[in-house]
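Chemist: Spelled out from the first residue to the last, the chains are:
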Amino acid sequence: MYSRLNPVKLTIASSVLALLLPLFSRADCNSPKVLYFANGMFNDRVGANESKDELQKKLQRKYPSDKFATVKLAFNTDEAALIQLHQVFRQKVTDINVSFWKSFANLLQVNPKDVSTILSKYIAVEKLLDVDLSLQIKSYQASLKNGWSIITVAHSQGNFYTNSAFDNLNVGNMTSMISVATPASRVFQDGPYFTFKSDGIIGLIPTALSPNLTKEPAGLFDHEFIKHYLGDKTTHDQILLAVHETYNNATEASEPSLDPAARYFDNDVVPILNYYKEVVTQRSLLPGQCLLAWQLFDVYARHGATCTQRNFAAFKEGISDCLKDLNDKNQERRETNCPFYRGMDFGSPYQAYFPAESHDFFTSFPDCKMSFNDFHEQEGLNEATAALVLLQKLETKTTKRETK
Amino acid sequence: MNFSFKKALAVLFLILLILLGFWFFKKDGSDESIISGWEQVRVSVETRYASNPELKKAALQMAKALQLAVENPDNAVAIDVELEKAMSCVLGVLEKQGSDESGVLGDIRDLAIKGSERERRYIRYNARLSGRVFDGGGPDISLCTQD
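From first to last, the protein sequence lines are chains H and U.
Quick note: the first sequence uses the numbering used here, first residue 1258, plus one each step.
Quick note: the second sequence uses the numbering used here, first residue 6, plus one each step.
Don't read these hints as lab results, they were simulated from the structure.
Please read all numbers here as calculations on a predicted model, not as lab measurements.
Check each hint, because a few of them may be wrong.
[To be verified] Just a few of them, taken from the derived set where beta-carbon distance is under 10 Å, the chain U residues facing chain H:
hint : residue
1    : E44
2    : D79
3    : L96
4    : N131
For glycine and all other residues, C-beta sits at the position ideal for the given N, C-alpha and C.
Can you make the complete structure from the sequences, with help from the hints?
Modeler: Here you go:
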């Protein structure tokens, strides 16, 4: 990843950088959002995909300005329950033209006692059944690592899984949940929920959150995501509004932090923060990597600035100013954005201890604490050029991530 | 008398054969019936979407993927790649045609997994995918196969 370059490329790199800077000086601290749909027991793979697609389509139509980075399906099913329900269903309905998957609405009528018993046994239990959530948690973690915040619309039993996954992630400010037809007794961080009083499934579960919507006209089942919840105009609007409001509720971090999830930096800095995490696990660093770390702490320390000013452009300005200074034959010291001239080489206790992460960094990598002249002597020009090239690679990562 | 007895035997044999054939086609628990079910599925899909050749082609792509799913539910993770592409294809065709119809994917599924044993196998297929996250499945006509 890190390579040394010939100094003759310096001028070209600097010029290209100067031309590119305005293109990337976007201001966006609110991280991109990713929308998940977590299906319930009565959605098979095809039905769950259909529900996810329908939700996405309706959101795009109603709130076209809400642009999700991606939309995913967190798929769950319950084999044991479905096998039992299928057995009951096929004992009563022998006509194979009657679809098992589309006839859940009739299940309660077919054999109310048996079906109620099965449903109560499987859906009312506030625990994970036989579903391993590790893959879903990994997917959520990957989204968070990208600096994306997560909005999950959970339907039916998908609520149990989402509550559990979000509890496991424990990053409340980046995960939001909207519950539909929930059998659970809570919504993660008290998010909004929508359950019909006439929902025939949730009505079987005494521990579920009290139904809060009236459907007109009421049916016997009223549990399906597309047909009943998105099919009811008022509820449809309420669910979409909840997603829209959650989408726009993202706030900036109040506490300084190098954690991408904290949103202290502009979102385009996330690849640099992830790179930093990798770098600090190494035994020793090259001077160019030290320079990047200095620049990181310099931008980090800009308290008066807004998060939009702690952005990728600030990194580039700092490093390119260092390049200009290193290239200056007169070695004239000026006040520029290069971290050398912003106190990093003064060795003051303040610089060593603030921010706290810089103290840890210089303790681990004492060789990184050097003056401008030291740096210059250690192939400074090559190292700074390499740092710039690395930044450009990380920038490509940023733009790819955003266009994904 | 002897001739009539032979005749009666032949009739009985014929009836037995018909009953056997009927039983063979009615029973749907064997691998043979699962696999031979494809021809019936193909005809159902082609009939259902006869008036819309582009959608018919996409629906057949999806039905083929579901046929693989019921034939080998334990290989769900690999098969699902094809199913997801096929669902994208169907949704892509609908989007291209400006159709606002919902439930088409479910209709194709119902045609493709009809039968008690096929449904059970499809439940198993779903179980093998439980806990996973899927990124695709949105409308994308480029995922339609060419054949």
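Chemist: Take the hints in turn and mark each one as holding or not.
Modeler: Consistency of the hints with the structure:
Hint on E44 (chain U) is violated. Least Cβ distance to chain H is approximately 16 Å, over the 10 Å limit. The restraint placing D79 (chain U) at the interface with chain H is violated, with a minimum CB-CB distance near 12 Å, outside the 10 Å limit. With 10 Å as the threshold, the beta carbon of L96 (chain U) comes within range of chain H, its nearest partner Cβ sitting at about 6 Å, so the hint holds. With 10 Å as the threshold, the beta carbon of N131 (chain U) comes within range of chain H, its nearest partner Cβ sitting at about 5 Å, so the hint holds.
Hint check: violations occur at hints 1, 2; the rest are consistent with the structure.
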